[in-house]
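Peer 1: Note that the protein sequences, when read in sequence, are chains V and A. With my numbering, the residue at position 40 of the first sequence is 40, and numbering never jumps. With my numbering, the residue at position 178 of the second sequence is 178, and numbering never jumps.
Everything labelled a hint here was simulated from the structure, so no lab data went into it. Backbone N, C-alpha and C define an ideal beta-carbon position, used for all residues, glycine too. Do not rely on the hints blindly, as some may be mistaken.
[Unchecked claim] Derived lysine to aspartate or glutamate pairs resembling EDC-like cross-links, with alpha carbons at most 20 Å apart:
no., chain 1, residue 1, chain 2, residue 2
1, A, Lys225, A, Glu347
2, A, Lys120, V, Glu77
3, A, Lys295, A, Asp247
4, A, Lys120, V, Asp82
5, V, Lys18, A, Asp124
6, V, Lys18, A, Glu127
7, A, Lys100, A, Asp48
[To be verified] Computed Cβ-Cβ distance ranges for the label pairs, DEER-style:
no., chain 1, residue 1, chain 2, residue 2, range
8, A, Glu358, V, Phe59, 52 to 60 Å
9, V, Ala109, A, Ser123, 29 to 37 Å
10, A, Ser265, V, Asp22, 52 to 60 Å
11, A, Glu65, V, Gly78, 29 to 37 Å
12, V, Gly27, A, Asn176, 28 to 36 Å
13, V, Pro108, A, Glu127, 49 to 57 Å
14, A, Gln45, V, Gln46, 34 to 42 Å
15, V, Arg139, A, Ser265, 55 to 63 Å
16, A, Gly297, V, Gln94, 22 to 30 Å
17, A, Glu152, V, Asp22, 35 to 43 Å
18, V, Ala109, A, Arg245, 40 to 48 Å
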Amino acid sequence: MSGAQLPVPPPLVIPETKPFWDGTKAGRLVLPRCLRCSFVIWYPRQFCPECGHTPVEWFEASGHGSIYSFTIVRRGEGAYRDTPQYVLAFVELQEGPRVMTNLIDCNPAQLRIGEPVRAVFCDAGDSAALLRFRPLIPR
Amino acid sequence: MSLSGKTSIVGAYEHPGRDLPDRSAAQIHAEVALGALADAGLGLQDVDGYFCNGQLGFGAISLAEYIGLKHLRYTDSTFTGGSSYLCHVGHAAIAVASGKCRIALVTQGARVRGIVRGPKLPSDTPEYAFEAPYGETNIGIYALAAQRHMHEYGTTARQLAEVKAAAAYHAQFNPNALLRKPVTVEEVLSSPLVADPLHRLDCCVITDGGGAVIVTSSEVAADLKRRSVKVLGHAEAIKHTMSGRLDVTYTAAVWSGPAAFEEASVTPADIDYASIYDSFTITVLMTLEDLGFCKKGQGGAFVADGALRIGGRLPVNTDGGGLCNNHPGYQGGMIKIIEAVRQLRGEARPEVQVKNCELALAHGTGGGISRLCSATLILARGDA
Chain V
1 MSGAQLPVPP PLVIPETKPF WDGTKAGRLV LPRCLRCSFV IWYPRQFCPE CGHTPVEWFE
61 ASGHGSIYSF TIVRRGEGAY RDTPQYVLAF VELQEGPRVM TNLIDCNPAQ LRIGEPVRAV
121 FCDAGDSAAL LRFRPLIPR
Chain A
1 MSLSGKTSIV GAYEHPGRDL PDRSAAQIHA EVALGALADA GLGLQDVDGY FCNGQLGFGA
61 ISLAEYIGLK HLRYTDSTFT GGSSYLCHVG HAAIAVASGK CRIALVTQGA RVRGIVRGPK
121 LPSDTPEYAF EAPYGETNIG IYALAAQRHM HEYGTTARQL AEVKAAAAYH AQFNPNALLR
181 KPVTVEEVLS SPLVADPLHR LDCCVITDGG GAVIVTSSEV AADLKRRSVK VLGHAEAIKH
241 TMSGRLDVTY TAAVWSGPAA FEEASVTPAD IDYASIYDSF TITVLMTLED LGFCKKGQGG
301 AFVADGALRI GGRLPVNTDG GGLCNNHPGY QGGMIKIIEA VRQLRGEARP EVQVKNCELA
361 LAHGTGGGIS RLCSATLILA RGDA
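Given the sequences, and given the hints that come with them, work out the whole structure.
Peer 2: What follows is the structure in structure tokens.
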């Protein structure tokens, strides 16, 4: 399943989350981290939902993670209505957060929970790219 | 202050329709309101508290006008998806017990069949930009939970399928159920995969319709003719992605369950019948674990030997549940309450009536498995 076949619906970019989306546009995974408790926050916010501190700092994450769970969706909705099947997943980033994503450039039948993956960025219009993942070791 | 036993459900009505193309949602709200009031031996003029999910029109106001509720002193349009109605009964019990209202009406009415479901959320919902672009679907989220549950605990697709088979066994006795045909585990497993490991038959039905219940004080209940059902315990809790550290193998029932049992001063072992929210088969299995009917991770083994069927260790969803009977407007909580009321009144279908049913649990799950509300009610047979 290659990434080129998947829809890339442009996300709504707002000032609060623009640093994250600017990162994706430049091919970098940029995440917010609390300046007080160092918690790595997901989804991106400009305050810390763990300790209530404001502001946060934005840092470049490794882009490495592992599969927490995945499913092959065979009945998409909305922008995915005409996509025969795709892999919806939660990936656990090396920095802690578990993020919703798609796994691409893979054979879905060979995917395994715990398998290492790395970030890829799929262009989604002028202001964002979608954060997706592919297996670290191609099969 | 414990609310246990101070209030009772005195009227309940499930709309008999499942496919209602000629009705408006408001009409369904009114039909079920009148049905539940008639069941209680009360009239519109008696209602002074009104509860609905606020999705139709201007919160509770539009429907109060449409139904003809003219003496409202208290309203609540809490929206927590399919668990809304269990929250409403709890909130109504609090309002009645504290004197804010005397006769509380809770209604659900929905018209969804044949209508393409639009986006679940407005695009400015904070999580939307980080999930919707990836093709997130409700079944996809539950599939992710099922997959992880299988990975951590060895749960199997066959065990999940028994949840559907048990519901279908019960549904054959319910003439109003959308799906009445018994279904085998093998038939579930051979139905098309929608999102691995969930098959089409692991999913609930989509229906029109709804239901209503009436909550009042247990003193008022004692003066009414019909057998009432005491509200012994109520609790609700919200669980979400926890700033990105989500764990999809459990629900907020790990919090709502113990709190409701504590308020009711009973334990899971005391429960004679349980209505467990069944948007998908995995929802039931995880909820049974979280409520303490079995150990975490043992849900598969618990359901596999027929425990959920009438005559089993814990009869569940004897109306056929959302999996076969009714899941109006993608929200099954109201129907969960109503079947528990039937069981406690001794008015379930004879083939599925639990003998000497004195204590029941009704549980609702609203939202997806990554962010949801769990609401638990403990109900007891009241005065005839």
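Peer 1: Now tell me, hint by hint, if it's right for this structure.
Peer 2: Evaluation of the provided hints:
1. A C-alpha spacing of about 15 Å is found between Lys225/A and Glu347/A, which places the hinted pair at or below 20 Å, so the restraint holds.
2. For the suggested pair Lys120/A and Glu77/V, the alpha carbons sit about 11 Å apart, so the restraint of at most 20 Å is met.
3. With a C-alpha separation of about 17 Å, the suggested pair Lys295/A and Asp247/A falls inside the 20 Å cut-off, and the hint holds.
4. Our distance criterion of 20 Å between C-alpha atoms is met by Lys120/A and Asp82/V, whose separation comes to about 18 Å.
5. Simply put, Lys18/V and Asp124/A have alpha-carbon atoms about 14 Å apart, close enough for the 20 Å limit, and the pair holds.
6. At most 20 Å may separate the alpha-carbon atoms for a hinted pair to count; Lys18/V and Glu127/A meet this at roughly 14 Å.
7. Taking the CA atoms of Lys100/A and Asp48/A, the gap is about 9 Å. The hint holds against a cut of 20 Å.
8. In this structure the hint that Glu358/A and Phe59/V lie 52 to 60 Å apart at CB holds, the actual value being about 59 Å.
9. Separation of Ala109/V from Ser123/A is about 34 Å and conforms to the stated range, judged on CB atoms against 29 to 37 Å.
10. Distance hint check for Ser265/A and Asp22/V: the Cβ-Cβ separation is about 56 Å, which falls inside the suggested range of 52 to 60 Å.
11. Between Glu65/A and Gly78/V, the C-beta spacing of about 34 Å keeps the proposed range 29 to 37 Å intact.
12. A hinted range of 28 to 36 Å for the beta carbons of Gly27/V and Asn176/A is inconsistent with their spacing of about 57 Å.
13. Between Pro108/V and Glu127/A the Cβ separation comes to about 25 Å, which falls outside the hinted range of 49 to 57 Å.
14. For the hinted restraint 34 to 42 Å between Gln45/A and Gln46/V, the CB-CB distance of approximately 52 Å leaves it violated.
15. In this structure, Arg139/V and Ser265/A meet the distance hint of 55 to 63 Å, their C-beta atoms being roughly 56 Å apart.
16. Distance hint for Gly297/A and Gln94/V: a CB-CB separation of about 27 Å, consistent with the stated range 22 to 30 Å.
17. A hinted range of 35 to 43 Å holds for the C-beta pair Glu152/A and Asp22/V, which are about 37 Å apart.
18. Between Ala109/V and Arg245/A the C-beta distance comes to about 29 Å, which lies outside the given range of 40 to 48 Å.
Checked against the numbered hints given earlier, this structure breaks hints 12, 13, 14 and 18; the rest are met.
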